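Using the sequences and the hints, build the whole thing.
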Amino acid sequence: MEKQRFKNIRRALSIAALPGLVIYVLALSLSAMAGVKGILVIRDLAQTCDSPLGVGLISNLGYLFWIATAAIALFTAYATPAGKQHKLKGLLLCGGWFSFILCIDDMFLLHDRYIGQTFLYIVYAIFAFLIVFKFRDLLLKNSGEVFILAATLLAFSVLTDKFQRDIGDIVPIKYETIQLFEEGVKFLGITTWFYFWWGISSKFIRKTMSNENQ
Numbered sequence: 010m011e012k013q014r015f016k017n018i019r020r021a022l023s024i025a026a027l028p029g030l031v032i033y034v035l036a037l038s039l040s041a042m043a044g045v046k047g048i049l050v051i052r053d054l055a056q057t058c059d060s061p062l063g064v065g066l067i068s069n070l071g072y073l074f075w076i077a078t079a080a081i082a083l084f085t086a087y088a089t090p091a092g093k094q095h096k097l098k099g100l101l102l103c104g105g106w107f108s109f110i111l112c113i114d115d116m117f118l119l120h121d122r123y124i125g126q127t128f129l130y131i132v133y134a135i136f137a138f139l140i141v142f143k144f145r146d147l148l149l150k151n152s153g154e155v156f157i158l159a160a161t162l163l164a165f166s167v168l169t170d171k172f173q174r175d176i177g178d179i180v181p182i183k184y185e186t187i188q189l190f191e192e193g194v195k196f197l198g199i200t201t202w203f204y205f206w207w208g209i210s211s212k213f214i215r216k217t218m219s220n221e222n223q
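Residue numbering for the sequence shown follows our numbering, starting at 10 and increasing by one per position.
Keep in mind the hints are simulated off the structure, nothing from the lab.
Please read all numbers here as calculations on a predicted model, not as lab measurements.
Errors might be hidden in some of the hints.
Claimed, not checked - Below, simulated SDA-like cross-link-like pairs (lysine to any residue); rule was C-alpha separation at most 25 Å, straight line: (1) K98 x T201; (2) K98 x D121; (3) K212 x T127; (4) K212 x D146; (5) K216 x D121; (6) K98 x K150; (7) K143 x I110; (8) K171 x D121; (9) K212 x T89; (10) K143 x Y123.
As structure tokens, this is what we get:
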């Protein structure tokens, strides 16, 4: 018993604590190289900026939905025996990792600050198309219309963001109004995206349990 407990602790240290320490030190080191004080790295952004509770709320909720989608899909794919559902597992893996990448991009504004918007948007569109093409049979049987709805909402948000200045020149709408519309459509797209992958994961687990009970 004691041996097993020691093994559990050692496993936790090697799989969880050590990688966490590496990330912690790496984040502080890279930030220091960029001239950012360590205290600013470890403190909450709302605390640092002394901002009210609602500032950035929708954006933060969006991150949570992105990462929740990735966690649910990837955990389901890796932790549940595939059995005869290898293709469905592949769909979950693609959706999970794609959601994780979208979360990282959204959190750190990769498309705005570090990588060109056009390039990333094209890559995302191609990847979404490949998911539809490769798993079209599964999507038709598993609420594929919800996937299309989520992708359409997100694409509409991207197009609004890309052409918001042109829209403002053509239609007498304030910039703030366009931003509210864009972020609203984006948030609806994220929540619909979450709902789709949650549903697929749920079906995958139920089918696996049903096959094991037969």
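Hint by hint, here is what the structure shows:
About 20 Å separates the Cα atoms of K98 and T201, which keeps this hinted pair within 25 Å; it holds. As the CA atoms of K98 and D121 are separated by approximately 32 Å, the hinted pair breaks the 25 Å bound. Taken as a hint, the K212 and T127 pair is broken in the structure, with Cα atoms around 35 Å apart against an allowance of 25 Å. For the proposed pair K212 and D146, the alpha carbon gap of about 15 Å is at most 25 Å, so the pair holds.
Note on K216 and D121: the hinted pairing is violated, with a Cα-Cα distance of about 41 Å set against a maximum of 25 Å. Distance hint between K98 and K150 is fulfilled; the C-alpha atoms sit about 15 Å from each other, no more than 25 Å. For the hint pairing K143 with I110, the CA-to-CA distance comes to about 19 Å; that is within 25 Å, so the pair holds. For the proposed pair K171 and D121, the alpha carbon gap of about 11 Å is at most 25 Å, so the pair holds.
Distance restraint check for K212 and T89: the Cα-Cα separation of roughly 12 Å lies within the 25 Å cut-off, and the hinted pair is therefore satisfied. Restraint check: the Cα-Cα separation between K143 and Y123 comes to about 30 Å, which exceeds 25 Å; the hinted pair is violated.
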